[in-house]
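K.L.:
Since the structure of chain A is provided, determine the placement of chain B on it from the hints.
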Amino acid sequence: MGLASAAATFFAVWLGHVSVRKIEREVEGLWIPALLALSVGIGLELASLLSPSLVLSTVFGIVGVTLLWDALELYRQQKRIEHGHAPANPQNPRHANILARHPKATTLDWLDRDPRGVPFTADELRAITEGTK
Amino acid sequence: MNWFGISVGVATLFIIGLGFIWVIRGERYFGFLWWPYVMGAGVLFVISSIFISNHYVSALVGAWGASLLWGSTELKEQAVRGELGWYPFRYGKILPPLVKIIRKWKAPSL
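Going line by line, the protein sequences match chains A and B. If you're matching positions, the first sequence starts at -7 in the numbering used here and goes up one per residue. If you're matching positions, the second sequence starts at 671 in the numbering used here and goes up one per residue.
Errors might be hidden in some of the hints.
For lysine-lysine, the following DSBU-like pairs were computed, each having C-alpha atoms within a straight-line distance of at most 35 Å [what the hints assert, rightly or not]:
hint, chain 1, residue 1, chain 2, residue 2
1, A, 96, A, 71
2, A, 14, A, 96
3, A, 96, B, 776
4, B, 746, A, 14
5, A, 14, B, 774
6, B, 763, A, 71
7, A, 14, B, 776
8, B, 746, A, 71
9, A, 96, B, 763
10, B, 763, B, 746
11, B, 776, A, 71
12, A, 71, A, 14
13, B, 746, B, 770
14, B, 746, A, 96
15, B, 776, B, 746
16, B, 763, B, 776
17, B, 763, A, 14
18, B, 746, B, 774
19, B, 774, B, 763
Coverage of chain A stretches by chain B, computed from C-beta distances (three or more under 8 Å per stretch; other residues unrestricted) [stated by the list, open to error]:
hint, region
20, 2 to 12
21, 43 to 51
22, 56 to 68
23, 97 to 109
Keep in mind that the hints were calculated from the coordinates and are not lab data. Just so it is clear, the structure is predicted and the values come from calculations on it, not from any experiment. Backbone N, C-alpha and C define an ideal beta-carbon position, used for all residues, glycine too.
So that you can see chain A by itself, here it is in the shape it has in the complex (with noise of 0.2 Å):
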């Protein structure tokens, strides 16, 4: 049992990490992915309600909620894009409005760096955006 969830926490996690943030950053009309996620994941629950496999009512229970919460995730991204905690995409419309909003919105990935073990002074900070200008 303990395998089973193991795996499907795992990997559902991995997958919902990577496909929110690619899907975020390509389709224009988030509503779509983001009930797709919804409905996928209450379906999965209602799956994991009636299957006689304890194995398989684990492994839906938990890709469900997982589901369930990549639909708010999606929001929760587009909120990192508006601050800037995550690269915005200019061929995508809502992002290339979003940079023109916000001032704080980059195409530049923050996160693509090694930890080098001090904190960023403010000097610096302004020379890596202004370097991706």
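P.N.:
Below, chain B alone, put in the same frame as chain A:
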């Protein structure tokens, strides 16, 4: 009606939510270089879940192990977030044993 999966699912959601907290706090006080130990602990929890006969306990220990495994791959990015000023940064982190060897390894990030 089989409520087993849904209750395990909801509990797993809380375990994952706990992951947000310990990754942030853990990185702040201990630093991301603990990642091999966290990963090892995750593997140990997953393996030990196989030997637990109570279905609920086994499923939750497995989910907790998987969450530790996942968290170990998040620590590096969290360290960068701290350095960028998105989260409070703390000097004088408590470094793990064998830190010199761990520094030579590439920290995972999925």
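K.L.:
So which of those numbered hints doesn't the model satisfy?
P.N.:
none
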